[in-house]
Amino acid sequence: MKILVVDDYATMRRIVRNLLTQIGYTDIDEAGDGVSALAKLRESKFGLIISDWNMEPMTGLQLLKEIRADSKLAGTPFIMVTAESKTENVIAAKQAGVNNYIVKPFNADTLKQKIQSVIGG
Amino acid sequence: MKHTQKPFMAELQKSKRSNGNPYTATAAASAATIPAAALAGPVAVDNSEVLKAIQEVGAKLDRFLTMDVQQIEQIQTEVADISGRIKATKVEMAALRHPLAGEDRFIQASQELSAVVSSTEAATNTIMGCAEELEEIVNELKASTSDGYQKDRLGDMHEVVVRIYEACNFQDLTGQRITKVVRALSFIEERIESMMNLWNRREFEAMPLPPSVTKMDGELELHGPSEEAQSGNISQADIDALFA
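Here the protein sequences line up with chains D and A, keeping their order.
Just so it is clear: in the first sequence, position 29 is 468 by my numbering, and no numbers are missing.
Just so it is clear: in the second sequence, position 163 is 231 by my numbering, and no numbers are missing.
If you are wondering where the hints come from, they were derived from the structure by calculation, not from laboratory data.
Glycine residues also receive a C-beta, built at the ideal position from the N, C-alpha and C atoms.
Treat the hints with care, as some may be off.
If you anchor each label on the Cβ, the simulated ranges turn out as follows [unchecked claim]:
#: 1; chain 1: D; residue 1: S483; chain 2: A; residue 2: E227; range: 47 to 55 Å
#: 2; chain 1: D; residue 1: K511; chain 2: A; residue 2: L266; range: 22 to 30 Å
#: 3; chain 1: A; residue 1: V249; chain 2: D; residue 2: S475; range: 44 to 52 Å
#: 4; chain 1: D; residue 1: T460; chain 2: A; residue 2: A169; range: 50 to 58 Å
#: 5; chain 1: D; residue 1: A513; chain 2: A; residue 2: A169; range: 32 to 40 Å
#: 6; chain 1: D; residue 1: A478; chain 2: A; residue 2: G223; range: 34 to 42 Å
#: 7; chain 1: D; residue 1: A449; chain 2: A; residue 2: A169; range: 34 to 42 Å
#: 8; chain 1: A; residue 1: E180; chain 2: D; residue 2: D548; range: 32 to 40 Å
Generate coordinates for the entire structure from the input sequences, incorporating the hints supplied.
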């Protein structure tokens with residue numbers, strides 16, 4: 440399964456990539472913001488998106504809404520990995536169609552658990 | 069006391085035509101106009117009512133004037149107080165952002181915080197790089213050893229490497245928190261700028277320069293960590309060259 444990691448912090452993308460590798464996922468691509476993520480999603484098929492929320496020019500929530508509004512991409516599982524932990528934010532993401540939500544900081548076990556709950560297995 | 073009325077110019081001219089003394093003529097004329105009753109002596113009049121009324125009016129006026137002065141003094145005190153507070157506020161505003169100050173504290177603070185983000189990002193990347201190398205070594209050793217204990221210990225090391233990756237999360241979070249602080253600083257800076265624009269900016273130039281927040285060691289300024297690229301800084305290579 441190919442996973443797209445979206446975060447404006449290169450270091451954070453590197454952390455997520457390494458943690459994904461540790462838990463057995465090696466086919467990983469990265470995007471630095473919502474716009475480039477959307478472009479990559481339209482170019483090739485991804486089995487999972489792991490995205491930060493707070494990014495410019497397109498936030499993680501906007502990316503999620505774009506994906507859910509696009510008939511070709513709408514079914515792609517989406518996990519939000521963010522420092523935003525306010526209830527209204529989580530609810531807004533859920534209403535927009537996020538499949539799971541991880542608050543930073545997180546560990547490999549949490550990541551593994553959430554991925555499994557989203558894609559099964 | 070006898071009072072002689074000064075003659076008018078027309079009377080002087082008339083007197084000159086008749087070659088007479090104008091002062092005598094005027095006095096004579098005046099005497100002719102005084103009523104007979106007046107010439108007979110003073111008349112007794114009861115003016116107590118008038119005096120009483122005047123005293124009452126005077127008392128009222130005194131009360132009014134006394135009260136008014138007190139109010140005016142109070143207003144003057146309040147105006148002086150407000151004026152003092154405005155001046156003190158302006159001095160504080162000037163201390164925050166003096167137009168003639170060599171260093172802008174808000175820009176300085178923002179730059180320092182941005183440097184913190186860059187430094188921690190660089191340090192995190194270094195830690196990550198080291199952890200990745202360590203992981204490679206562990207994997208290599210795991211593949212080349214058949215000893216159960218050693219494999220177990222290498223497995224433990226691998227878990228430690230994962231914990232290092234996890235711990236590196238802090239960089240993103242501190243970065244976001246610092247960005248919030250930078251935004252708050254920017255907001256305060258804008259508000260101070262607006263407040264200063266409400267007054268004449270030149271007023272602030274005349275105010276005392278704020279004391280520097282830079283730590284001093286005698287006459288030397290201690291700036292702490294700073295970017296090498298900043299003016300006035302010297303690289304380790306240049307320092308080495310000085311000691312060579």
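The hints, checked one at a time:
1. Distance hint for S483 of chain D and E227 of chain A: a CB-CB separation of about 33 Å, inconsistent with the stated range 47 to 55 Å.
2. Between K511 of chain D and L266 of chain A the C-beta distance comes to about 56 Å, which lies outside the given range of 22 to 30 Å.
3. Distance hint for V249 of chain A and S475 of chain D: a CB-CB separation of about 28 Å, inconsistent with the stated range 44 to 52 Å.
4. Under the hint 50 to 58 Å, the C-beta atoms of T460 of chain D and A169 of chain A, about 52 Å apart, fit the expected range.
5. Taking the beta carbon of each, A513 of chain D and A169 of chain A are about 56 Å apart, not inside 32 to 40 Å as hinted.
6. For A478 of chain D and G223 of chain A, the hinted distance range of 34 to 42 Å is satisfied, since their beta carbons lie about 40 Å from each other.
7. With their beta carbons about 37 Å apart, A449 of chain D and A169 of chain A fall inside the hinted range of 34 to 42 Å.
8. The given range of 32 to 40 Å is respected by E180 of chain A and D548 of chain D, whose C-beta atoms sit roughly 36 Å from each other.
In this structure, the earlier hints numbered 1, 2, 3, 5 are contradicted, and the remaining ones agree with it.
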